[in-house]
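Colleague: Here are the chains, one letter per residue:
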Amino acid sequence: MDFNFSEQDLAFRQEVRDFMQHSLPEDLREIAEHGQHFRKEHFVRWQKILFERGWAAPSWPVEHGGPGWTPTQKYIFQEELGLSAAPMPPPFGTGMIGPVLIAFGNDAQKTEYLPRILNGDDWWCQGYSEPDSGSDLASLRTIAVLDEDHYVVNGQKIWTSYAQYADRMFCLVRTDDSVKPQAGISFLLIKMDTPGITLRPIISQDNDHTLNEVFFEDVRVPIKNLVGEAGQGWTYAKFLLGHERSSIGDIAGSKRSLTRLKKIAAAEISGGQPLSEDSAFSRKLIDLDVRLMILEVTQFRLLADEEAGNDIGPAASILKIKGSELSQLISETAVEAIGYYGMPYVHEAVQPGGNEHAVGPNYATGILPDYLFLRALSILGGTNEIQRNILAKTALRF
Amino acid sequence: MDFNFSEQDLAFRQEVRDFMQHSLPEDLREIAEHGQHFRKEHFVRWQKILFERGWAAPSWPVEHGGPGWTPTQKYIFQEELGLSAAPMPPPFGTGMIGPVLIAFGNDAQKTEYLPRILNGDDWWCQGYSEPDSGSDLASLRTIAVLDEDHYVVNGQKIWTSYAQYADRMFCLVRTDDSVKPQAGISFLLIKMDTPGITLRPIISQDNDHTLNEVFFEDVRVPIKNLVGEAGQGWTYAKFLLGHERSSIGDIAGSKRSLTRLKKIAAAEISGGQPLSEDSAFSRKLIDLDVRLMILEVTQFRLLADEEAGNDIGPAASILKIKGSELSQLISETAVEAIGYYGMPYVHEAVQPGGNEHAVGPNYATGILPDYLFLRALSILGGTNEIQRNILAKTALRF
Amino acid sequence: MDFTLNEEQQLLKNSAERFVEQDYGFERRRDIIASPDGFDREVWAQMAELGWLGLPFSEEDGGYDGTPVETMILMEAIGCGLMVEPYLATVVLGGGLIAACGNADQKATILPQLIAGKMLLALAYAEPQSRFDPADIITTATKDGGGYLLNGHKAVVLNGGSADKIIFSARTSGDQRDQGGISLFIIDADAAGLKIKSYPTIDGLRAAEIELTNVAAEALGKIDDAYPAIEVVLDAGIAAIAAEAVGAMQVLHDDTLEYLKTRQQFGQAIGSFQVLQHRMVDIYIELEQARSAAVMATLRLTENDPEARCHALSAAKVQIGQASRFVGQNAVQLHGGIGMTDELKISHYFKRLTMITTQFGSADYHLDRMASATPQTNQEEI
Amino acid sequence: MDFTLNEEQQLLKNSAERFVEQDYGFERRRDIIASPDGFDREVWAQMAELGWLGLPFSEEDGGYDGTPVETMILMEAIGCGLMVEPYLATVVLGGGLIAACGNADQKATILPQLIAGKMLLALAYAEPQSRFDPADIITTATKDGGGYLLNGHKAVVLNGGSADKIIFSARTSGDQRDQGGISLFIIDADAAGLKIKSYPTIDGLRAAEIELTNVAAEALGKIDDAYPAIEVVLDAGIAAIAAEAVGAMQVLHDDTLEYLKTRQQFGQAIGSFQVLQHRMVDIYIELEQARSAAVMATLRLTENDPEARCHALSAAKVQIGQASRFVGQNAVQLHGGIGMTDELKISHYFKRLTMITTQFGSADYHLDRMASATPQTNQEEI
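Chains as they are written, first to last, in my numbering: chain A, 41 to 438; chain B, 41 to 438; chain C, 30 to 411; chain D, 30 to 411.
A couple of the hints might just be wrong.
Straight-line distance between alpha carbons at most 25 Å, and here's what the computed DSS-like set of lysine-lysine pairs gives [said to hold, decoys possible]: (1) C/Lys290 to B/Lys433; (2) D/Lys224 to D/Lys147; (3) B/Lys302 to A/Lys324; (4) A/Lys324 to B/Lys324; (5) B/Lys295 to B/Lys324.
Since the hints were made in silico from the structure, they are not lab data.
Model the full assembly from the supplied sequences, consistent with the hints where possible.
Modeller: What follows is the structure in structure tokens.
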């Protein structure tokens, strides 16, 4: 047994750290440090920087432009990216549609799409959820009917992140009503400027606009945009669910936010002393440390399993549950730490380039919006209740 | 709205307090104060003292020897009894079979049994649970077959508290197999010295003997010992479940154990100061105060409802759930408070009259056995999971 | 012991609930929040007309001689409707202090106006460094002829931007965090030297940062001895938001229960899943316990022994905070993604409940306050 | 990074598990506990024969040069079988201190004997007033010719009644709770002036109160400077009981899962109820997290930076305590009444896990210990 990264891994980590430090543009760093939200141009600029370095798609095979990393290197890269102030590239391009095309796309599709994902020219979004199919994805009802060499798509998607930025969507549609729900689903690639597509923004409780509803009215999609075989869409979607889950607990994110919380607790004065020196609050902080340390070991055990080529299966659900609980608890404790200065909400202050200054100490900016936003962690990607159902079935064989 | 007991109620409480103070024998007080367990002769002696005072059966109507109290007076009496060091009379006689006989028994049964319950001459036990019917009581399988003027009983009961002390048992038996489970159950009174009854003690994890298995092999019970009508036993059992639930949260017990815990925390030294002055431990103690205060108000609201003649229905499950959680949490905190002196277990030290002295400070005696024993609070009388099922159905109409 | 409402209280409850239901729809509230004042002066006038603004004041001050129970009833309705009108700031906090500490002249100038809906108040007690301790004051008041000059910074003053008069706590003697040496002052909002920066809060209300530079002020009540009155009025604030929280939680409870019974997934209502049923039961239990806490807070407010009052009010605040967090988070969780949108009511109630958790002090603050308060009356003597 | 066992470790694991399964049935354990010693000397001899008693010791001390991983493997098996033989007291604590602090003579006298199963040790470090702080010592050692005389009272000494030699901590200088001024001494159990009162513990083990009255003692290691060595060996104790807890929790996990799948109520296995399934999932998760904690404790034990070692070991202890409590309580709860009986294994595992929660310090103690330890190595450098 050995708890340490190898010499090579440590050297690799140093290389990544140096890169982050030297290549992250100063204005992006400032956005993160002010608790503001990245916009499209920031993500794209950063993606292009990663592309230049050859690190745009950590999990792709070398022949398609991937770096050829081991699972541990991928983990280290994700971790360092998460610990830095860099934008975390949305997963839809390199993390999701890329691997699907590499596994199931035809040559024409690979040639057309992969380079533009890699270099950040195309922004993709994901068309899975529908209003009546949340946890029960297979019940989706967006319909695609073949009309000569086009599919005609009608229906609606919801919770589509960044649809307002997207050039293309990969989309699950029902192409066959006569078979059991999972068997009638196909996987289509849709240009977002195709006539018949309309967007409606969903404003979330932190007053931000990330999510959208997407409506399809007689949207014509060329048949060449079908991935793999018709009726196999469910298989491809499930392939993605099993993919790249080793960072699912977002330990790097929790490390960053716990570090931030400790700084807040050291700066906030309570009864004449730093809040961090209040013995009960100090125990809360340390308890968060404990949770983080233990979760990281569980993460390492999983990574070692992955490295050994084993199925990481149920363990990913543990990381999802405990990781989301930890992120939410850190955030909840941060809300407690900033006291009354959690109340002010100046929308402009969390927008990059906004002129309004935040109210109260700088460290309070964004704490409440983060808390509100992070409630999503136990909902999206399968609620924590669904994760427990999965564990009951897979790990405990109920 | 008014939060206070009336003048009359306060005067009544003083009367009860004075009585407890003057009439509780010194040796019984000492048993409680040493964290030891009461035995049969203690319970019976105390029951006879209550009988002398006319307070042996708080909930019985005056014509059968009850004191004729209002719900509030009954509550006050139970509370004061709980706060004192007096033995809490097991509920099987005055609290359970008495009310059933008063409501459903015939005159002969009332005349034969009620006086001997009241004066402590008869000790009753309850024959409900069976090995295969825990939460699912209606599935019970102990069978009583009519043979002329006797029922012949065969089967087994389990979790029978104090069966080893009991003169009689009230017992649910199946008299009809051909109807739906609830409809085939009858309510029998059985003398414990009837041939064919054998006991097997169940030693609980605190090494005490309260519970038993009771086996019936061709036990002949006179037909006159059937209460009410054959096949109506389930109705009578349910009548009891709805009876006398306003003290179900055992707030008096939690008050006593929290007071005890605070004394321990004041006496236990941690890092050179009393544990009670450690700010984090102090917050734990105060948090227990908060839970207790809130639960007591919920209890008062329920009592006021009961006093107004309303159905207290689902609220009893709230008291059961929160009351048991609180008792268990106080006990868990007490285990934490006594540190390493939770480990020693000298069986004799918790027996009245035992010669062995406990190890460590006196206040540590019985803390661990209590903790172990109190795990039963969330199990017996319908597990807390069952209570939540009840609330889901009755309060939320799922 | 009696937890029922008397006839007038029942009428008040019915009328307040009807008002929220008929006149304070969620879309109207959305418009109101977006308006320049952040609340609706027409609604305020209606509240005055209904007599609500005068409830807690004595008849000689022009009020209706109500008890804390009437405030509880109204605040619960305000919580149900998530009303943003400045009842807490003007009536409970500001009005409460005028009634408690004002001289005859101050009462006569302010209270009838307030009750008529013509004057808004705010209470500026917190400071950037004070966290939850109302005695942690560095704003100074120095004698200047017959009056005082105030200098300092007051933080997160609820409805500070729309108030006509603002009550300030300031230090006239003693050290930072001493409970002695604190005095109250009343200042017109347009006084010279007052710099008021108003902003929206995350829960749809308005608050303000206020800087004072040599602001001339009139004393309210006895110099150096205002802390007990401030504590009483903040305790009244706790009782008020406890009731508001109960109203808000009731809405989350009802809406979530309804959602569980109607939302279909996997071919059945999601409320058929036992895990979600039990979570819903826990919401129900927390709500009932919060109701007990609000009742306790309300009835203990008039307790003679200050330590017993502190003890009970802090205990209520601890429970209300925990319940608010649990019910808010789980209402969102049980709704799933839709619970996080601005469009549904759920997220707005969640946000208000989140802020109630820290408003007037966090659980830890109140646990410590309880530890230092030893009620003279026996705990069991309630 | 590698969490697999090497070949010898895998063999050890297999052999230990086989031993528990075949030779340490629950009824045998019941008899052993009731025996005068409270453990089985025959089992102890077998353990010696299997080489287990020599695992952590260096080859030059007569051992097998094992790492903490071997101890973890063995302790996990001990937890599975709830074995009561004094491995923790004799090998981990007593043997650990002899190996770390003993001079050549002491090592030569004790370790071969210990490894052969012929000598039992105990470590007396706690005192009635010390709570969890091993530096809180008022037992004194005063110089007396070439040796020392000890006076004081040592509390809850694990296996103190059966040890042949007992190691005592005592104060040679400094004030109560000073970490400096503490020394270690070794005393034969039959020494004059030792009064040993042995008693059973709630979790089926044995411990003792020991009073010392002018007991002549030989020093073990450097005078005044024993605290760091005591801390190291107690950290080794934490790693050992962490592994023991994992073994015990694994049994509760397996038995409870089995019970849920077989116990019928309302016409179905109770494991078909979603609420019980999810509770079982939480038991599973806690067990996996406890496994991570035990691994962390084991691998961090040889950390060079003492602060980093304290930090990791205390963190592991906090998690193990919480997991032990959760898994123990819920295994009982899911079994219902039968889980509370002496007859079933469940209650015995629950009791041991309950004591593990406080053994070597409660969660609060270790959170505070972490707060005062600042690892020199960057947290992320693991």
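Colleague: None of the hints should be skipped; say for each whether it holds.
Modeller: Checked hints:
1. C/Lys290 to B/Lys433: With Cα atoms ~13 Å apart, C/Lys290 and B/Lys433 stay inside 25 Å; holds.
2. D/Lys224 to D/Lys147: Judged against 25 Å, a Cα distance of about 23 Å means the pair holds.
3. B/Lys302 to A/Lys324: 23 Å, holds
4. A/Lys324 to B/Lys324: Within the cut-off at roughly 13 Å; holds.
5. B/Lys295 to B/Lys324: 15 Å, holds
Of the numbered hints given earlier, the model fails none.
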